[in-house]
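Assemble chain E onto chain H, guided by the hints.
Given next are the chains, with one letter for each unit.
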Amino acid sequence: MELAASVLLDTTLITLTLALAAFGLAIIYGLIGVINMGHGAMLTLGAYFTWAGLQLEIPFVLSVILSGFIVGFIGLLFEHWIIKRFYNSPYETLLLTWAFFLVTTELIKIVFGSDFRTVVNPYPGSIDLGFYKIPTYRTLICVFTAFVILSTGFVFFRTSTGIKIRAMIQNREMASLLGLNISLTYKIIFGFGCFMAGLAGGLVAPMLSVSPYMGDMYLVRSFFVVIVGGIGQILSGTIIGSFVIGGLETIVALFSDQVIAQVAVFFFAIVILRIRPQGIFSEK
Amino acid sequence: MQNENKISKISRRQLIKTAAASVVIMGSPAFIRNLHADDPIKIGVLSPVTGAWTVYGKAHSRGFELAVEEINAAGGVLGRPIEMVLADYQTDRRLVVEQANRLLRQERVDLLAGTFSSADRNAAGPIVKAADKLLLYPTWYEGQIEEYYPGVCNENIFMFGPEPTQQVWPFMEYMCNKFGKKFFMIGSDYAWPQVTNMFTKEKLKELGGETVGEVYIPFNTPQYESVLRQIRQAKPDIIFHSLTGSDTVNFRKQLVAAGMKNDFTLWTVDDEEVVTSGLGHEVSSGTYVSFDYFMTIKHQNNKDFLDRYQKRYGSDALMNTVGVGMYNAAHMGAMAIEKAGKVDTSSIREALKGIKFDKAPQGTVEMRALDHQAVLPSYLMRVREGWSSVNDMFEQVQTVARAVPQDARCNLPL
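For the protein sequence lines, the chains are H and E, in the order given.
Be aware that the first sequence starts at 1, since it is given in the working numbering, and climbs by one per residue.
Be aware that the second sequence starts at 1, since it is given in the working numbering, and climbs by one per residue.
This is chain H alone, in the form it adopts within the complex (with noise of 0.2 Å):
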């Protein structure tokens, strides 16, 4: 029983930070289409962002959020300079986010150089729940995960901004026709998954080494996140395409090791798509 307990926490702890990884880009490939190679990318920036924020002894807290809109920024002004002349064609699309990511990572390393950084755990200690003991700071992230896809889900079903993107994803002329700031609307999606990678970035930088490839770890583990969950189900396809391929590999170690864990989860998600290539979740 406490087993089983222990395993549901670890499993929700990992669904969400993973969820939290992929979320900048379940929200950009799914609203506007575009994959967002560079997503990596942004996830390292948001770390070294913060470290830097640390540096000049800002706090923690603030430090990530400035990161945030920092790496947001970037994301704002690669939009309006070059991605929104390729909505139409995704392979550019995907070469150019490519660039962003290679040009970003080169840069990171002639700024910040290329040894470990460190993001001081900014609450060390663990919550004893007598059984078991969880991390404070991976809670903290967790709950914080939790209320971002929430409150993402109330903007896009309960206000009428949210009316408005659904209504451009059903139908993008159409919506235009009617008076939809089309542009605009695509550039606030991009800068805002651009904000919430570099948010996610800069969140999980105390638990991992920071180095100029960090981001990379999460970059293929999203894409997953994204494809098996279903595109443009942005808010239960995250969280269920991150239990498939975060949360499934605490379980499947538990009963075999690391590496059959990650090969076996992998090979689900592939079958997965084989089965229902659009997703668990979508409905098409």
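It should be emphasised that the hints constitute simulated quantities derived from the structure, not laboratory data.
By construction, the Cβ of each residue, glycine as well, lies at the ideal position given by its N, Cα and C atoms.
Warning: the hint list may mix true and false statements.
Said to hold, decoys possible - Partner residues are not named here, just some residues of chain E that face chain H (Cβ under 10 Å, in silico): (1) Lys-58; (2) Asp-189; (3) Ala-191; (4) Val-227.
Said to hold, decoys possible - Calculated lysine to any residue pairs in the SDA-like style (CA-CA distance at most 20 Å, straight line): (5) H:Lys-84 <-> H:Gly-33; (6) E:Lys-235 <-> H:Phe-131; (7) E:Lys-261 <-> H:Pro-122; (8) E:Lys-235 <-> H:Asp-257; (9) H:Lys-133 <-> E:Arg-229; (10) H:Lys-109 <-> E:Asn-220; (11) E:Lys-235 <-> H:Ala-4; (12) H:Lys-109 <-> E:Gln-90; (13) E:Lys-235 <-> H:Gly-130; (14) E:Lys-303 <-> E:Glu-70.
Just chain E, lined up with the frame of chain H:
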């Protein structure tokens, strides 16, 4: 008619030119060598200057560079300067092959030094074998077993870093007596951690200990919940740690965040100065680390070496076991060439066997003739609480002035 004449004239001229050129080319190798006796001796250095292992690459290439500069300032070898040709393989195994071939065929280097991980060295093994050139390898590694030939047990490769029976075995008894005999092994999923653990388990069995868990982690794993759970359930006395690069940092941070740091003793055979700096003192303090070299070892050679190193590269430049391995490889290679009196592969190989370098930063280093394995000092350190820099990072726990390794498990002698 005139045209034809012109053409034939040119042809004749070209014929003469071509003939003259070929005579020069055919005659040149021996000819040039005799004329330019003070041409540099070229050594190709394969270094991960960029890519995932950049953090090690810096000390790696600088160690060699510093030694080459010292040798040249003292008049070179056989009256010739040494020229170091640096090739960056970007932490990419395919590029090891490409760059090694380029150094050998295009740059025509006389010998090679470098590569960083065992996987890199194994990629270079067949090339140095086929080209019959030497490779001087600087890194701590898993030891030589015939099965992994030609990456090891290769007559053309010399090992300047420690292997498990030098890095781990000398301290097993101390660690077992102090903390207990139950080991949990966690390492990255490739040759070095697996073979290192194999050796460690052998000795552990001999001491009556027990391996209560053994996991290998794929590169770039961000989450460690399931591993932490296994560790909790296995209740080991010592976590024996051979993860590499950023996975080290990821795992260790999460171990600490899970509140498990004080419940177990952690012994790592991977985290030298660079990685420990990346961990920070909250995460790393109390950890045991063993290597042949640390910046903090108290030895006059080390003090002099660091003075020169930091004068050259700045007072905050990091050094580590690999950089020192490269430094020793350059000096001992040069000594061997001087001793041999020539630069062909078999002469240098014979001269390197048994060569002794007593100015090595970690003490005296000797190249064992039998299996091309350096006999080195070995140190067990403990990471200090609240350290602030590499200068106060480690405190010396155990010292072995001369750690003699087991004979390599190859068809000896090499």
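Hint-by-hint comparison with the structure:
no., hint, result
1, Lys-58, "holds, 8 Å"
2, Asp-189, "holds, 6 Å"
3, Ala-191, "violated, 14 Å"
4, Val-227, "holds, 6 Å"
5, H:Lys-84 <-> H:Gly-33, "holds, 12 Å"
6, E:Lys-235 <-> H:Phe-131, "holds, 15 Å"
7, E:Lys-261 <-> H:Pro-122, "holds, 17 Å"
8, E:Lys-235 <-> H:Asp-257, "holds, 17 Å"
9, H:Lys-133 <-> E:Arg-229, "holds, 11 Å"
10, H:Lys-109 <-> E:Asn-220, "holds, 18 Å"
11, E:Lys-235 <-> H:Ala-4, "holds, 19 Å"
12, H:Lys-109 <-> E:Gln-90, "holds, 13 Å"
13, E:Lys-235 <-> H:Gly-130, "holds, 17 Å"
14, E:Lys-303 <-> E:Glu-70, "holds, 16 Å"
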